[in-house]
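S.K.: At position 7 of the sequence shown (counting the first as 1) the number is 7 in the UniProt record's numbering, and the numbers step up by one without a gap.
If you are wondering where the hints come from, they were derived from the structure by calculation, not from laboratory data.
Straight-line C-alpha distance at most 16 Å; calculated EDC-like pairs for lysine to aspartate or glutamate:
1. K67 with E43
2. K108 with D83
3. K67 with D51
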Amino acid sequence: MRTLLLFFCLGAGVLLAQSTEDRYAFVAPVQTQLDAYNTSDLELFLSAYSDSVRVYQFPAALQYQGKENMRANYIGMFESLPDLQCRLLNRVVMGDRVIDHESVIFNKDNPPVEVVAIYRVADGLIQEVWFMR
1 MRTLLLFFCL GAGVLLAQST EDRYAFVAPV QTQLDAYNTS DLELFLSAYS DSVRVYQFPA
61 ALQYQGKENM RANYIGMFES LPDLQCRLLN RVVMGDRVID HESVIFNKDN PPVEVVAIYR
121 VADGLIQEVW FMR
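Required output: the full structure, derived from the provided sequences and hints.
M.R.: The structure is reproduced here in structure tokens:
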């Protein structure tokens with residue numbers, strides 16, 4: 001129990017110590033890709049990611065690497081799912097990680113799917129992302 005309490009206290013210290021400017025720098029590419037996702041703007045979506053982005057199924061299963069592989073994975077979805085929408089339920093910023101709890105609609109006739117996405121941001125771009133469903 002003391003370990004858990006210490007973890008939360010240290011985490012709170014990290015959150016409080018991070019400046020608003022730092023937080024914005026990490027959130028900016030994540031918000032850009034979310035906005036682009038909701039308008040099916042593939043080029044704007046991809047602009048938020050590094051050329052060597054790595055995409056994982058949580059906790060560590062590499063799904064693909066590189067922006068061109070990401071393009072191949074998303075182009076069909078953006079073209080064939082007119083109802084595609086992602087609603088942000090909660091966002092936490094911890095250091096260079098942005099953690100989003102999202103509700104995604106793929107088809108308006110089906111219930112939304114809840115997803116957690118963990119983005120690691122460096123140099124103004126998303127370098128890695130882990131998805132959890």
